[in-house]
Amino acid sequence: MTVDTVGRFERALEGLEVGLERVAAADASERIERIVQEPAVGVALPFDGVTLPESITTEPTAAELEAARTGVTPVGFAIAEYGTVAVESTPDGAEPVALYPERHVAVVAESDVMSDLSAGFDRLADGFDAGRDSVVFATGRSATGDMGELVHGVHGPGDVTVIVLEGR
Amino acid sequence: MAQRTRSERADRIRQLLETEGGAVHAHASASNARRYETYDATDDLEALRIEARSIKEAAIDRLPDLIDTVREAVEANGGTVYVADDAADANAYVADVVESRTDAAGIAGDDDTPSVVKSKSMTTEEIDLNDALEANGIAVTETDLGEWVLQVADDTPSHIVGPAMHISREEIAELFNETFDPDEPLETAEELTRFARDHLWEHIREADVGITGANFVVADTGTITLVTNEGNARKCAVTPDTHVAIAGVEKLIPTLSDLEPFVDIIAKSATGQPISQYVTMLSPPTDSPTVDFDAPEEPITSGGASTDEAAAASGHAGERDFHLVLLDNGRMDMREDDQLRETLYCIRCGACSNSCTNFHTVGGHGFGGETYSGGIATGWEAGVHGRESAAEFNDLCTGCSRCVDACPVKIDIPWINTVVRDRVNRSGEPEAYDFLVDGLTPDLEGGGISHGKRFFGNIGTVAKAASATAPVSNWLTDVDPVRGLLERTLGIDRRRDLPSFERTSLVDWFRSRGGADASKRRADRARSRGAAIDREVVLYADVYTNYVDTDRGKAAVRTLESLGIPVNVPDLPESGRAALSQGMIATADRQASRLYAAVAEDIDAGRDVVVIEPSDLAAIHREYERLLPEESFERLRSNSYEICEYVYGLLENGADPAALSTGDGDEPVAYHSHCQQRTLDLEAPTVAVLERCGYAPDTSDAECCGMAGSFGYKREYYELSMEVGERLATQVEGAPTVVASGTSCGDQLETLLERDVPHPIELLAPDGSPT
Numbered sequence: 001m002t003v004d005t006v007g008r009f010e011r012a013l014e015g016l017e018v019g020l021e022r023v024a025a026a027d028a029s030e031r032i033e034r035i036v037q038e039p040a041v042g043v044a045l046p047f048d049g050v051t052l053p054e055s056i057t058t059e060p061t062a063a064e065l066e067a068a069r070t071g072v073t074p075v076g077f078a079i080a081e082y083g084t085v086a087v088e089s090t091p092d093g094a095e096p097v098a099l100y101p102e103r104h105v106a107v108v109a110e111s112d113v114m115s116d117l118s119a120g121f122d123r124l125a126d127g128f129d130a131g132r133d134s135v136v137f138a139t140g141r142s143a144t145g146d147m148g149e150l151v152h153g154v155h156g157p158g159d160v161t162v163i164v165l166e167g168r
Numbered sequence: 001m002a003q004r005t006r007s008e009r010a011d012r013i014r015q016l017l018e019t020e021g022g023a024v025h026a027h028a029s030a031s032n033a034r035r036y037e038t039y040d041a042t043d044d045l046e047a048l049r050i051e052a053r054s055i056k057e058a059a060i061d062r063l064p065d066l067i068d069t070v071r072e073a074v075e076a077n078g079g080t081v082y083v084a085d086d087a088a089d090a091n092a093y094v095a096d097v098v099e100s101r102t103d104a105a106g107i108a109g110d111d112d113t114p115s116v117v118k119s120k121s122m123t124t125e126e127i128d129l130n131d132a133l134e135a136n137g138i139a140v141t142e143t144d145l146g147e148w149v150l151q152v153a154d155d156t157p158s159h160i161v162g163p164a165m166h167i168s169r170e171e172i173a174e175l176f177n178e179t180f181d182p183d184e185p186l187e188t189a190e191e192l193t194r195f196a197r198d199h200l201w202e203h204i205r206e207a208d209v210g211i212t213g214a215n216f217v218v219a220d221t222g223t224i225t226l227v228t229n230e231g232n233a234r235k236c237a238v239t240p241d242t243h244v245a246i247a248g249v250e251k252l253i254p255t256l257s258d259l260e261p262f263v264d265i266i267a268k269s270a271t272g273q274p275i276s277q278y279v280t281m282l283s284p285p286t287d288s289p290t291v292d293f294d295a296p297e298e299p300i301t302s303g304g305a306s307t308d309e310a311a312a313a314s315g316h317a318g319e320r321d322f323h324l325v326l327l328d329n330g331r332m333d334m335r336e337d338d339q340l341r342e343t344l345y346c347i348r349c350g351a352c353s354n355s356c357t358n359f360h361t362v363g364g365h366g367f368g369g370e371t372y373s374g375g376i377a378t379g380w381e382a383g384v385h386g387r388e389s390a391a392e393f394n395d396l397c398t399g400c401s402r403c404v405d406a407c408p409v410k411i412d413i414p415w416i417n418t419v420v421r422d423r424v425n426r427s428g429e430p431e432a433y434d435f436l437v438d439g440l441t442p443d444l445e446g447g448g449i450s451h452g453k454r455f456f457g458n459i460g461t462v463a464k465a466a467s468a469t470a471p472v473s474n475w476l477t478d479v480d481p482v483r484g485l486l487e488r489t490l491g492i493d494r495r496r497d498l499p500s501f502e503r504t505s506l507v508d509w510f511r512s513r514g515g516a517d518a519s520k521r522r523a524d525r526a527r528s529r530g531a532a533i534d535r536e537v538v539l540y541a542d543v544y545t546n547y548v549d550t551d552r553g554k555a556a557v558r559t560l561e562s563l564g565i566p567v568n569v570p571d572l573p574e575s576g577r578a579a580l581s582q583g584m585i586a587t588a589d590r591q592a593s594r595l596y597a598a599v600a601e602d603i604d605a606g607r608d609v610v611v612i613e614p615s616d617l618a619a620i621h622r623e624y625e626r627l628l629p630e631e632s633f634e635r636l637r638s639n640s641y642e643i644c645e646y647v648y649g650l651l652e653n654g655a656d657p658a659a660l661s662t663g664d665g666d667e668p669v670a671y672h673s674h675c676q677q678r679t680l681d682l683e684a685p686t687v688a689v690l691e692r693c694g695y696a697p698d699t700s701d702a703e704c705c706g707m708a709g710s711f712g713y714k715r716e717y718y719e720l721s722m723e724v725g726e727r728l729a730t731q732v733e734g735a736p737t738v739v740a741s742g743t744s745c746g747d748q749l750e751t752l753l754e755r756d757v758p759h760p761i762e763l764l765a766p767d768g769s770p771t
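Chains A and B supply the protein sequences, listed in that same order.
126 is the number that this note's numbering gives to position 126 of the first sequence; each next residue is one higher, with no gaps.
211 is the number that this note's numbering gives to position 211 of the second sequence; each next residue is one higher, with no gaps.
Derived from the structure by calculation, the hints contain no laboratory data.
Keep in mind that the hints are not guaranteed to be accurate.
Stated by the list, open to error - A few chain A residues facing chain B, derived, Cβ under 7 Å:
#: 1; residue: T61
#: 2; residue: V135
#: 3; residue: F137
What the hints assert, rightly or not - Covered stretches of chain B (chain A as the covering partner; in silico rule of three or more C-beta atoms under 8 Å from a C-beta of chain A):
#: 4; region: 228–242
#: 5; region: 276–286
Values in this document were obtained by computation on a predicted structure and should not be read as measured data.
Built from N, CA and C at the ideal position, the CB exists for glycine as well.
The following block holds chain A by itself, in its conformation from the complex:
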């Protein structure tokens, strides 16, 4: 990974009007709590020393999922070139939690930010080899031009924030 991969990621996200926050693992919980709009649902984060704030409901019910304004999920990796995060379809519901609420907060480890699509595809292939075979490359916010002008937040989130966990 080149030194500036996260910088490149940040610039790509800027173009998509998606915020990026660099956070130390120890501060992550507090930072996430400040970003989310409640009610919020989430999927447990698999990063050492990082927990979701208590206000975020994990294992949500269907009603909670539907009512949530924010969904917080880990993502397997990111692609700096395009500002893409890779959301995996997992049994704990990362796909619906990332998709249904208006706001998605994606949490990725700094070491999982890949430089370009090619490196992303290498990671994708590794994941497939390991049995994870349903992944969404999500880039920016849901959008449509079908109503005559560009509008964000159609079927998917209209607001996305990426949190990069540093120093891991």
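Given chain A, work out where chain B should sit, using these hints.
Below, chain B without anything else, positioned relative to chain A:
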């Protein structure tokens, strides 16, 4: 479907120009402009296109293997694969899946009608799936916003990617307000989108089955790839517990790594985005929990399952059901068809539509068949619905070739259109014997071709006769009764100015001034004054240069001679371009062979073939690959040049531009290159030569002038041609001097601007009398 008559076709086009053309143009040309930007910003674009194409070539080649492979993979994942022969077969299978799932699991939601939510899929449009499901008592809701607008409006898609781009925001607002009568009338795009989102979410959460298409299917992992911006495909695929993906068999690619170039290029070519918002790669049934909105208090993971085993134990993973329907519907026959096979490489990005000026102007309802629209639609319609569906709109491809550079998999779309036109010609009823046209058309085509097509396809013979009888022929063609006759018999619109034939052809002029020997003496004199470039040129006098626009031919001769290059202007056979435009491939094939034979000795002697008319050069550089043996093609192609490209080469090799007529350093000139010339990357040399000779050229960015050979003469297309031409004319009208490389472009601009529009070579040629 009965073919429309010429006047019905003209009426239909006029109506589309007035109703849908404006909205389509706004959207499609914006996507096209973004595509240029994104393509320009992609360093490895050409490598990416070559790679994408080669993957498709290989995949189609081994398609039966890939079907076996994907069946194994999907079954190993727990899903089912069904290969459907045709539309009825596919529709029956899908209806059966919906019925058996709702029988087994009960109907979700409050209604007692089984319901399906769909993500936009042209393949399901192709088989009219919605109608078939509704006939089986199944409610279908489109969830792509554009597609849903069409469903509410009872309309059909007019663009492969932007299905409702022909409907304006105001029209959508009116439609929604009338249909749904919301508390507050909807007006802005934002309001309309919110309304649609909320309305559709109700349908998605209560649906029994989600149906999606597939942009690509990775055979060895059974991975369905969906490329979308809205997110509805994700919702349709994962919200209901049953997912049916319907894809043409041609969507199969071998492995995950083969997916990468397509993910990289599809959004760039479609909308000019670097990548689309969601590239969903699902190997269903997925591990995502199903969400039962009828049991709102139930945790979606039923106890927090976080591993596959736990999810399976809780029963959630096991509830998911997946069916991949692979549709043949003529595709396996297309695979066997040497000319239509390329159509199967299409990734349905719509770049060919977006780069097509005729598509911009009438949209997919004019430029499309039963399902598919735009340039590549001819291949699709001929393959899946048959020749008649393709014949309806095939003529709207003028062969301008601007889609060739746009296509991410390098499909030669104009060639497919030419081939289908040829087949359509042959399938028609022979028209009544007509001595006038038959006498003028010594071609190899069988019966069934319209008189108009034969006339334009044999324009060289016609021009020769007209030139021989000029000025009588010119006077005659201006007389009202004659114009009426031409309109009735040949379909030549009486409003269009006809070319004015010269009594003395370029070839005769050249002969009368001493021919090749005199040219050599003139070149030697020039050479003694400047750099010695030891080349000789055979100037190809195409039909127009020879009989109509002889001035540009004379200018070319004088330019070359003044740069020290001896020229010969022999009487050469037609290139076949005119015949190709009419879909008369046998005639074009014969003409290509004759032209090659006529210049082979010159080429062997080291002479260069220089062509003035870009469309003829395009025939030699592009279509001859299909018409000549490989070696002959390569030999002719690598030794033939466009006139300004050639002059550029001479200047680069030391020739002195001072010998030419030069501008004052910054004399503004509006330059319209030519569609096929641009596809051959030959706009830049003309611009460079103009700049070196003291002009400040400003190039037009309109893809095409709207004339494209015979097209603009035809009665049914006259208004369309003028509409396209008007956009170009508006761009260039402010310039004191306007030049154009193509005859058609020049004619069109002269009509619209009401002033002379010479070829650039006429600006460059040394001053003095043209003798």
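| said: Count the residues of the region 228–242 of chain B whose Cβ falls closer than 8 Å to any Cβ of chain A, and tell me whether that reaches three. | reply: holds (count 8)
| query | Hint check: is the beta carbon of F137(A) less than 7 Å from a beta carbon of chain B? | reply | Interface hint status for F137(A): holds (4 Å vs cutoff 7 Å).
| request: Answer holds if the nearest beta-carbon of chain B is closer than 7 Å to that of T61(A); otherwise answer violated. | output: 5 Å, holds
| task | Check, residue by residue, whether the region 276–286 of chain B contains three or more positions whose beta-carbon lies closer than 8 Å to a beta-carbon of chain A, and give the verdict. | result | holds (count 10)
| field | chain B contact restraint for V135(A) - C-beta distance below 7 Å | value | 5 Å, holds
When held up to the earlier numbered hints, the structure conflicts with none and fits them all.
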